[in-house]
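Asks: Residue numbers (full-length UniProt numbering), protein chains in the order written: chain A, 1 to 361; chain B, 1 to 266; chain C, 1 to 307.
Read the hints as simulated data drawn from the structure, not as lab findings. Do not take every clue at face value.
[To be verified] Calculated Cβ distances over 12 Å to all of chain C for the following chain B residues: (1) 55; (2) 56; (3) 68; (4) 69; (5) 167; (6) 171.
[Unchecked claim] If we take Cβ atoms under 7 Å as the criterion, some of the chain C residues that face chain A in the derived model are: (7) 175; (8) 178; (9) 179; (10) 185; (11) 197; (12) 198.
Every residue, glycine too, gets a C-beta built ideally from N, C-alpha and C.
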Amino acid sequence: MKIKSSIYIRGGTEMNDYLKLQGIRKRFGDAPVLAGVDLNIGEGELVTLLGPSGCGKSTLLRCIAGLTELDSGSILLAGKELTKLPPRSRDVGMVFQSYALFPNLTVSQNVEYGMRMRGVAPAARRSRCEELLALVDLEDKRDVYPQSLSGGQQQRVALARSLAVQPKLLLLDEPLSALDAKIRKNLRAEIRDIQRRLGMTTLFVTHDQEEALILSDRICIMNQGRMVQEGSPEQLYTAPRTEFAARFMGSYNVFNRAEALKLFRRIDSRADRFAIRPEAVTLLAEGEAIQDDADGMMDVHGQVQAVSILGNIIRAAVVAEGVHLTVDLLNDGRWLRVREGDRVTLLLDPAQLLHLEQEGA
Amino acid sequence: MNTRKAGIAPRTFMLLLMVYLLLPLLATGLYAFAQDWQNTLLPRSWTLGWFRDMFQDIRFLEALWTSLYLCVISVLLSLAVMLPAVFVITVYFPRWESFMKGVVVLPYAVPGVVAAVGLIRAYSSGPFDISGTAYLLVGAYFVVILPYMYQGIRNSLLSVSAVELLNAAELLGARRRSAFVNVILPNIWPGVMVSALLSFSVLFGEFVLTNMLVGGHIQTIQVYLFRRVGESGHLASAIAISYFVFILLLSAVLMKLGMKIKGQAK
Amino acid sequence: MKQRERGLILALAPFVLMVLAFQVVPVFSMLTGSFRDADGAGFTLGNYQHALSSAYYQQAIKNSLLISALSSLIGLAVGLVCAYCITRFAPAVRDRLLMLSNMTSNFAGVPLAFAYIILLGNNGVFTLLFKQWGWNVFDGFNLYSWSGLILVYVYFQIPLALLLLYPAFYGIREQWKEAAALLGAGTWQFWRTVGLPMLSPAIFGTLGILFANAMGAYATAYALVGGNYNLLAVRIGSLVAGDVVTQPQMGSTLAVLLALSTLLAVFLNQRMVRRMEGFGGRSPAGRERSSGLFRRRWPAVREEAGQ
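So here's chain A without its partners, still in its complex pose (with noise of 0.2 Å):
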């Protein structure tokens, strides 16, 4: 949550339909694997597509680059129609989970693969893929083969490669997914410099919601073939809509009525589904005092069930009034001593009480 989308000053309202998605729909045989979708990108944006597998956002990108064909709907890229178009056509790059590196060019024939099939000359040719080595840090790489880079190369060689003839628009299929945890990392931070530096309009698709959180200007989360809720960042980890996005984006404890009318009492609202973050619950070990800003809390006594240690965050599951939720505690050394079984207070702040719309709605 370092890197805040306060930084990101260009799109205004004016200029948010770069990209412009109208009414998309796609079906698979009986199956609607995108069901009406809307989406408006800013120029030099970057907008993540998130949500579980299944969902349709890979089909939506591919979609958008031309490689799988829509129902209906329209796509427009800064304001020219592209859905007739072929997808050589489109102006759109696309780097794909599993690299796609053509294994028997070079890292530098690969980057410069889309130039030499727009007849671009070999000695310009050459300076813009040094350039684009230089950009993902790969210049003494440049006589290598694919097969022999580690995956994380591999990836920055394919973003070199889309990168390379200028497109108006870059698709990232889910680029960090086959990579493992240290250098999805660092590839990660990477991705987000050089999207900035050029100011790439940038469409990402991921189905990891840290990634999302980090990454992003802007999120979307879909569901079966839908948007669920789009917004920045802090919007979607603040406040979920529902609670499909509550459950995808952090680990929400969501509650239906009942069960939020015994932790709260009483509830303003006629929703029927409630959710509160794990670390807006404070937790009281037995005997500790209820600190004097504690106005308007709730408090529930209850009992851990289980205790985790997640590095930096302390994990505590407990039952409170026959309700389970979870509660993080930050590892600062004073709750390494909450024990299993142990009884505790909780205080609940009915202001950080989410109100959920009902699915679809």
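With chain A held as given, fit chains B and C onto it using these hints.
Replies: Same frame as chain A, now just chains B and C:
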């Protein structure tokens, strides 16, 4: 890759290919049943006479019998020699395997004619004058099916993890030889059967070595067919088609057996 | 310990003996024979000199090389197109088509030559039929000559080529096509720059096998043209096992030359297979079967057998 229906071009090409490949077979088949086929698209009248003639021809039956027993003997000999050898090499001397690959690839890379030249020269004089005899032929057959037998037995041993099986049996107190007979053999048997049958069918269709090594003395079914081609076309067709059907049945059995093994492996 | 060693030796001895007797000794005998005088004594290079200078043997070598090269190229071209086509079908249909094609590869040698005689021989069904209909497509065609041999050789080359080539097409990943399309390549450009280069090891490897296969083919040619057409394999056959007079030394020499050509072709195949494994680490044919050679006969069956 894709499950959609193939386009028009692939269909046309494959159809043409199949017609091209099946036409000679079909013609031979029709010819074998034709009474009279001179200058019409299809024969004018049909008969089973050629097949009757075939089975009444004593030389055909003799050739058939010769083929069968030569092939069976060769495969049995190969089994007896190869089973223990491949077992020992795979289990105890895995480092020899690259050398074995060389030994095994040679019969593929060296055409039958060439092999025949060496065999004839080596065994037509001197202390081992066995030229023209079945001994020489069986030896030659042994080399022909070497790759199939080696590969088949080795893969079977690997797929049942023979080394682990053997260790387990020995830990349970079995002696090595009895472990081989009681534990390894029953487990690799289906795979070995497939290679044996495959080898049999390869030998059954063998012509080059047979004709060059013993052609004048021993007539197998292929040599017989070759002799009859010039005489009666219809009779030869009947033989060719019978041979083909026989091989087809054999390969069907092989396929079934193979699938069964594959099913067990899963 | 001693008993154990004895057991191992006992298990290996018959195998070593058989390989020595029927593989090593004959090869050795053939090699030495090729360096012997006609009377069987003394060392000489004369046989090779003769083989390479005599117009007769030169013609045999030239004919064999030409027929092998041409039939391999035609077989490869047709096989390539068909292998691509076959990957466009659903797997069930594909397997059935492959099975049919494999089935016909059992129809080789004498029966195959015979089938062609029935169809296109002097009194062949098509020959007579076309004569009657007044078509003269086959006027310049003579089954018992070089054009006939090509036709028959191609027949047994195509199923083999198909079988060796089609797995390679599965090595061409759909995403390469997509990436290329997005980078501006048309279909043909993709095949020229990525597809065919990726297939090239498979193509050259297959060419090697096809060539070796044709060079060594004896039965088909012998049954079709007998001694009437001058081919290396047929020549060797008549030199060592002929009806009239045999010249085992000359036969050995030609056999060594023939073996050299097929070994070279097979070596090419092995090299290409290794290169294929280098591309992306995994050869489409799989490790065990990848030598290509092992797929020569009934590979479908072998595949079913889990090999």
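Asks: Confirm or reject the statement that residue 167/B sits farther than 12 Å, beta carbon to beta carbon, from all of chain C.
Replies: holds (15 Å)
Asks: With 12 Å as the threshold, tell me whether residue 68/B passes as away from chain C on beta-carbon distances.
Replies: For residue 68/B, whose nearest Cβ neighbour in chain C is about 18 Å away, the distance exceeds 12 Å, so it holds.
Asks: Is the claim that residue 56/B lies outside the interface with chain C correct, judged by CB distances over 12 Å?
Replies: holds (21 Å)
Asks: Classify the hint on residue 197/C as holds or violated, based on whether any CB of chain A lies nearer than 7 Å to its CB.
Replies: Where the cut-off is 7 Å and the nearest Cβ of chain A is about 4 Å from residue 197/C, the hint holds.
Asks: Quick check on the hint: residue 175/C CB to chain A CB, less than 7 Å?
Replies: holds (4 Å)
Asks: Is the interface hint satisfied for residue 179/C? The criterion is a beta-carbon contact with chain A at less than 7 Å.
Replies: Where the cut-off is 7 Å and the nearest Cβ of chain A is about 4 Å from residue 179/C, the hint holds.
Asks: Return the status of the interface hint for residue 198/C: holds when the least beta-carbon distance to chain A is below 7 Å, violated otherwise.
Replies: Status holds, d = 5 Å.
Asks: Is the shortest C-beta separation between residue 185/C and chain A less than 7 Å?
Replies: Constraint on residue 185/C satisfied, holds at 5 Å.
Asks: Taking the closest pair, is the beta carbon of residue 171/B still more than 12 Å from chain C?
Replies: Consistent with the label, residue 171/B stays out of reach of chain C, its closest Cβ about 17 Å off (over 12 Å).
Asks: Verify this label for me: residue 55/B is non-interface relative to chain C, using a Cβ-Cβ cutoff of 12 Å.
Replies: About 18 Å separates residue 55/B from the closest Cβ of chain C, which puts it past 12 Å; holds.
Asks: Confirm or reject the statement that residue 69/B sits farther than 12 Å, beta carbon to beta carbon, from all of chain C.
Replies: Its Cβ never comes within 12 Å of chain C, the nearest being 19 Å, so this holds.
Asks: Less than 7 Å between beta-carbons is the criterion; does residue 178/C satisfy it with respect to chain A?
Replies: holds (5 Å)
When the structure is compared with the earlier hints, no violation turns up for any of them.
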